[in-house]
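There are 2 protein chains.
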Amino acid sequence: MTPSSASLPLRERVGQINQRLKGWEAVRWVDGAPRITDVLRREVDRWGGIGALYGVLRADPWSQVRWSNGIPPARSAETYELVQDFVRTRGAGLPTLFVEEVPHGLMALGGTTVPVNLALGAGMDPELTAQLAAHIAAETRARGAHVALVSGLDILRDPRWGRAEECFSEDPALAAALMEATVRGMQGSRSDGRIDGDHIAVVAKHLAAQGAGIGGRNGSGAPIGRRELGEIHLRPAYAAARAGVAGFMAAYNDIDGVACTANRDLLTGTLRDDWNWTGIVMADGTAVDRLRDSTPDPATAAALAIHAGVDLSLWDEAFTHVEEAVQRGILDEADVTRAADRVLALKERVGLLDGSISRDHAAEPDAATTREFIALVSRAAAQACVLVHDDDALPLPASAVVAVIGPNADDLEAQLGDYTPPRPQDDPGVSTVRSALEARHGVGNVRYAQGSGHRTALSDEATAAVDDALAGATAAVVVLGGTSRRSYEDEFADNGAVDGPAPDTTNGEGVDLSRLALPAEQLALLRAARAAVPLVIAVLIDGRPRPLDELIPLCDALIVSPFPGPAGGAAIVDVIAGGRGGGLLPATHPRVDGVLPVAHDERMETARGYVDARIPVGQLFGAGAPAGITVTLRPADPGIATDALNDGDTVTLHADIVNSSDSAVSLAVPLYGRRHERGLRPRRRTLLSVRRVRVEARSGAVLPFVLGADELGSWAAGRPEAAPAEVLAWTASTHDPPADAVTVRITDGKGRTGWES
Amino acid sequence: MTPSSASLPLRERVGQINQRLKGWEAVRWVDGAPRITDVLRREVDRWGGIGALYGVLRADPWSQVRWSNGIPPARSAETYELVQDFVRTRGAGLPTLFVEEVPHGLMALGGTTVPVNLALGAGMDPELTAQLAAHIAAETRARGAHVALVSGLDILRDPRWGRAEECFSEDPALAAALMEATVRGMQGSRSDGRIDGDHIAVVAKHLAAQGAGIGGRNGSGAPIGRRELGEIHLRPAYAAARAGVAGFMAAYNDIDGVACTANRDLLTGTLRDDWNWTGIVMADGTAVDRLRDSTPDPATAAALAIHAGVDLSLWDEAFTHVEEAVQRGILDEADVTRAADRVLALKERVGLLDGSISRDHAAEPDAATTREFIALVSRAAAQACVLVHDDDALPLPASAVVAVIGPNADDLEAQLGDYTPPRPQDDPGVSTVRSALEARHGVGNVRYAQGSGHRTALSDEATAAVDDALAGATAAVVVLGGTSRRSYEDEFADNGAVDGPAPDTTNGEGVDLSRLALPAEQLALLRAARAAVPLVIAVLIDGRPRPLDELIPLCDALIVSPFPGPAGGAAIVDVIAGGRGGGLLPATHPRVDGVLPVAHDERMETARGYVDARIPVGQLFGAGAPAGITVTLRPADPGIATDALNDGDTVTLHADIVNSSDSAVSLAVPLYGRRHERGLRPRRRTLLSVRRVRVEARSGAVLPFVLGADELGSWAAGRPEAAPAEVLAWTASTHDPPADAVTVRITDGKGRTGWES
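Just so you know, the protein sequences line up as chains A and B, in that order.
Quick note: the first sequence uses the working numbering, first residue 1, plus one each step.
Quick note: the second sequence uses the working numbering, first residue 1, plus one each step.
Careful: at least some of the hints might be erroneous.
[To be verified] Heads up, incomplete: computed chain A residues facing chain B, CB under 10 angstroms, no partners named:
no., residue
1, T505
2, L596
3, S757
None of these hints come from the bench; they were simulated from the model.
None of these values were measured; they are calculated from a predicted model.
A virtual CB, placed ideally from N, CA and C, is assigned to each residue, including glycine.
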């Protein structure tokens, strides 16, 4: 039976849908113990309880929480229990939900940081993603939290956007697969829908189309149409909804003029009416207050958001005006009850209302579990490394004397991404490229120089140190790229986005870039290496696709690694040592600045590029396939009918994988497609499906791709629908279907695809 | 009574909706007389007539027609008569429509070229635009043509697009006003809707949203939503429809996945059902054939287009398969009849069916009319010059010794734009900046050097010539920019867009640019002038907004002039001599490359620009207001009700203009607005209205702005609709409303705007 808030006084119902506080201000670590603050006391007194408490454990420059002043990891659960007791006893008795940021690992002191979503996108491995998610969930729940805020819905359509790293991919099918895996891994899959004490409820963010913001500017409008929304931006959300995700966070941006926070078509029409999804919709931080331009006052803003389908606020002042909105008659009290009921339903789902969870269910992971987690983080890092170019330079012999230079050669933080907690002093599992090279080649055979900043030049001494490092080296590893590093000296906006980042910061929320070409200072390092050393290996560690055309002529091999996490250095050196990348590019790299946006799945068109950039695409999504492997797609079964698509029927294509090399390989095998539906301009290429497989040396494998409505149907309405079509399918990396592409026919009741002459 | 094609055999009806030929191949000028070719003979025989004949007079590099081989202007009418007689007598008796390109003047030998649309946008003068249009129409009709293909619907949303020059503006209200003026001027305004012998039928192009193509790439998809389409892209088309425009040309691009050529929602739903418009829809050149990706074969492509609402093809092979489509049952014969009826209706409208027009109605303009036309072209050029920056450098004394350098200093063709016929040998009305300076300062006081190409460097000698020109000069006028010049040696795509332009061409159809910053070669000229001469005046003649931030520190004054036409040189020198520009920027200039798109009417957002380009906007739409003029808006009337908006009621705002200078001034006065409608994210600023006024020296004027549903209503659905709102209005050039902005309240039946607290 669903819990109901109807019997609560309106004030208490309003309290259930407010999530105003910053948790680190509600409870503080003082003299070796957690202390409730007046901030929490006042809030509980005001509402007779609170619906949810955000970020008790959040530790980062915005919160100014660090190892010296934060709650020690081992005392998290105790702290949460203190808060929960306080809320229950001082308020009217309802427990509160504890909500934490978990974008790529728990953003708390001691939280395990995993590679950013874009790195997981390179891996294209839903199972690994689910395993990582399960570990993250267990770790987070063990601390005492119930709800994780998790990025993954955003689609990388413009790499100028600083949050590109939080996207899994530019491709909606890949993002959907990894989002679904994340939800499954984090929430578990109990048949009764409950989220048990080893798992955590997920609020997936952001809904929707934030990646379509004009010019890649954070929070700018997405003036897109219904089909673009459905085909590109809603797919990960649909996958999450189907997996039973507990919540969605409404995005800051508007879609065609209507802010997502006020978008009833989206939050009620699509989510609830179309998808039959049940769960809570949370506003993004201060997003309801940001409706100030769409409404005359805060009460109207709250009414608009709640009526649209927002159930729970985040930091907003506007939601404190809900009683006023009801009294003024601009908001139906039943809408408030409905929202509060949804918050209660989530509390029940995580076991808060019937006492079905307790400290016992959320034990700290044991040592073996922790080791397994760390191993998975390393595996994910390996999969994040894409070998884009290798002019027979790799593998690099272990005997080489190596100069390792560049801003990301020995900068652990630059491997981690935004929304990362401060690292512990003792952090044995980590590696940079420098430390990993030292481990492989010996400290004496590795010469390091930073050489330049990420956006700024360094001193003349630093330049001289580069020359010194290069002198006598037989190979150079030049590690370039960007960083989402945040500093405790940075200034932040009211939602935690950096606002005045350090001049050397290039990535993350609030750090959009107009120029993606690497700055001259970084390219100069590559040129210096090229001039001084016979073998140059370039590495790009970054959270967004950059133009690579200037790099490739300056190096013999190029590895691209979206922020690969704490184990990234070793993973990159493994590629250098082994000569094979672990993943594929999760997004298309533009050839040069000025051609954005580009994506592998833009529609067919008659444009001929720019006269000063004939081919806007540099490297396509999916580039980086390992050498020595051939993939051949077998001809298709006759095809399927549209009603069979609706009934869940499928066709299976089989790919024969042959590994003619002398070593086993783990690789992602993408299946690309072009879907012809009469009257629609087709997308040039989309990802139909992708599977990872391990193939032993001098051996083969057969890989089945099972294709149903998700892969072959229409997504124009934001969910898979049967429609007659012909789909060309292929596995080569080509942007257009090769001559031997396989045709899958989806026919109507009369056996027609709509594509017959 | 509307003519009906129902009695014609299907084949003849199909003939009426085909416009396959390139007219210059249908009739040729041989041995001093026009000759019908086999091309026309075969086509007439095939269909028993033809519906329309495109481009008999077209003269340009694509057609390879020039003064030496084309039909002399004085023999045009005779040529057309020959063709018409042939079609009538050899076919089944129906006359054909003669269709010509008239993008900014008739694109035929001897056609008068007027400034490009973007230049008219700078002028913001609907009356002048209408007068120019009337002259163009008279000239074109005098040649014997019936239908003009006229740009003006496209909205300049991304200046990388080579066709930016064909747009009036980035702003839909300005574009709509000038489009309406163009239709009124060209077609006349007879109460019976007929287009008499002094006027010409307009097919306005392109419908719709071509300016929203991804990345500014010509013909790329526009994945925009309904509100963006209605508010930004459909407004000029609605204005044209309301003015009774004879036709629309469907655009190449898709809107959210559906090619405009196959877009029934647009071509039938919006145009006919919503707008109650009657007229013909013409396909763009080969656009039906380009449905090949959306359909299995040409017959299906034709069926799709006709069913969507295309009535007349252009060059397409697909429309020759219409009978096949009917026979195969994929196209209703009634759809063919309907399309043919619309073609016949246009023939009737221009007087072709009842013999109401004859050679007598289309006399060559007399000398006085021609002089008036030339004077208007000069006035339009003057209005096209925007004084963006003046550090007390202007006026320049006539005694100055002037170095005039740069690729556009003496390049007449670079002033004209794309779709321009070859100039006559004897072309007395023209001027370049060089020639105009020579006229003012004396040939002996003007030193010219080209210095560089538009995209390419010139020889060392050319550089040395710059130094020579600068030596001893007291002022430098450095004329930079781009060019849409086409060469008879260029290669062209099957639709006449240049495909392999000369390396020095930068603008026009098929010439999209990824980098808009002026090339180093051009900036070097400005630097050389800055170093050598005390006073530097920069002039940018270009068809698109370029980043100007690099130019301004290098000059004392900067004049921006969208391709100003044949009289552009004198117009620019008038600004130099007078110290006042004639127009305002018709589009927002980006501050730097990499920030596109930008526009003054993007929605309010929370983005803070890019960390490497905090303010993406360089110069706002509307910049360039003349000094010495103050504009003050009086407080508003109480407001109006939404039903009054529907009933055509208006409010009038009055601006007091004071000219405190010693000379009369003609200026455009824009009225800006921000419209708050509950639940919508407002556009930061839009143009509500603009009026031109002349104010005498030391004098004042009162300017009324009459605001109705067009200005104050919602355009979300593609036509003005009443909706409660509050509209802030102001005349200052600021991007945000100043403190003294005037509020106009549009209330519902209960006196509420939806904006009350």
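Satisfaction of the L596/A interface hint, Cβ to chain B closer than 10 angstroms: For L596/A, the interface hint holds, since the closest Cβ of chain B sits about 7 angstroms away, which is under 10 angstroms.
Minimum beta-carbon distance criterion (10 angstroms), S757/A to chain B: holds (4 angstroms)
With chain B as the partner, please determine if T505/A meets the hint condition of a C-beta pair closer than 10 angstroms. holds (7 angstroms)
Consistency with the previously given hints is maintained throughout, with no hint failing.
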